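J.: Here is what each chain is made of, one letter per residue.
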Amino acid sequence: MTAAADQSPMALSITGVIKHYDSGFTLDDITFDLPAGYIMGLIGPNGAGKSTLIKLILNMIHRDAGEIHVFGLDNIAAEETVKENLGIVFDSSYFIETWTVNKVEQAMAPMYLAWDHATFDGYLTRFGLDRKKRVKELSRGMQMKLMLAVALSHDAKLLVLDEPTSGLDVLARDELMDILQNYIADGERSVLFSTHITADLERAADFITYITRGKLYFTGPKDEFEESFRLVKGGPDDLAPDVRGVAVGVHRYETGFDALVRAEDLGKIAGLKAEEEEGRRGVAPLTAEPASIDDIIRLTNTDDAARAMEVA
Amino acid sequence: MMTGVLRAFGLDMRRIASQGMFLILVLLIGFPMAMVLLGSISGGTSYMPGAAVGGVSGMLAMLPLTAFTFEQQGQNNWMNGVIPVRRIHQVIGRYLVVGACVLILALEVAFCTGAGMWFESGAIQFPGLAASVLVTVVIYVLLESVMLPLCYRFTYQKALLTMMFICIGLGALVAAVFALLAKLAPDAIDAVLSWVVSVESLSGAGMIWLALGGIVLAAFAAAVSFAASLCIYLAKEF
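Note that the protein sequences, when read in sequence, are chains G and S.
The opening position of the first sequence corresponds to residue 1 in my numbering, with each subsequent residue numbered one higher.
The opening position of the second sequence corresponds to residue 1 in my numbering, with each subsequent residue numbered one higher.
Derived by calculation from the structure, the hints in this document are not laboratory data.
Quick caveat: nothing in here was measured; it's all calculated off a predicted structure.
Here are the simulated DSS-like pairs of lysine-lysine, each with C-alpha atoms no more than 30 Å apart in a straight line:
1. Lys236/S / Lys215/G
2. Lys158/S / Lys136/G
3. Lys268/G / Lys233/G
Please construct the entire structure, taking both the sequences and the accompanying hints into account.
T.: Following this line, the structure appears as structure tokens:
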């Protein structure tokens, strides 16, 4: 966390949360904080536990252990107050399909003390949503915008979005990121959004929480996440034991391999030292490049990485 | 607490009215209107109150359950996790919907039965009218008391199927008891039948006791039903 973030009150605080399913999947000991005034991207492959975590925040499923606080309030003990301050967007619409946009407002407005008809109306205009249209007549992207309009119209202090960009084209995603940036501008509001589309994170997220196989892999500033890994590349015969030893995950292909290595472990790879010595002569066996978020997700979910996590 | 309950009640009413409030109103007004029209044209027709009460009861029995069908459409049940209403208040809100239906049912039955009596004999027998209303309401509450926990536990279709099996089971049980009585103690059947006749002809204090018994039975069933629904819904994950 940054120094400024450390001093901010926590919009969301998750401590030691565990959720076990009979299927065998376990969301295991998840702990992270989201300071007020920031955007956090919740990332991970399909089935990692992102939606489970969001449902735990909303008390839609029951946790087996741990605590969840929203603006200092327990999400179960103070459920009504917490949810008054939450704006929620799911990856698919939760409104009755036969409702018109107008009926959605009629149903949702009495739910919130701070419902603002003018704000809702403004978002409908901005998103091009027709009040007379039924929910089932809206495209997936428009349904997401309707949920977003509802989420933004009752002065919510924390937006929780589950894969909000999955049905959107690039322009709509761009617009959403603008809205989120404006939303947190007063420094009191925050956003937690899960996504597969890492380009959204590059643009909007201040923090990243990365979950894979139900375990917390990383939580902290986005830049720190990217800087803490390097992508080591080499030819088919260059995957030496020293690389294997420090690689978090390796992907082999016909012409070579990609290995994800923690930045502090780079010095342990002999082939990279040789690169420094021989690089000038152009005979470098291995190269180290900055790792993108996609690279990190991809290579921490290889079979090697899975085995390493199990051992850990 | 009241805010949460009223929010849940309001949302359920909107769910129920999702297919159009007009249709529900037409049906609710339609039965009494048909009674009056048919009665005015043809005079007394003894089958009419029964048919009207049956129709109204059937419709009102299904009405609160449609909230479950809408919840089970798509991801609408997620809305229950989004709104700032505790689960206990959501359950109370749904039982309030049933309570509202009980009031409407009582009014409809009173009107239809009263109109039937008026067209039949030119006068309303109030004890008989009260008995009709009470019996209908008690049966309605008993039915809903079983249906609601089933709908909380299962999908709507499965709940209806389970209810059907319960009714068939009860019918089979009664038939078996009567078959046994007919074989082992034939006099007992006559005793039961004469008791039913004596209950039908009860008046005064006897009637009041019977009414109180019905009300207590309905209240007990509703309380047990609420506790079961709450227990199921609090444990539910969606």
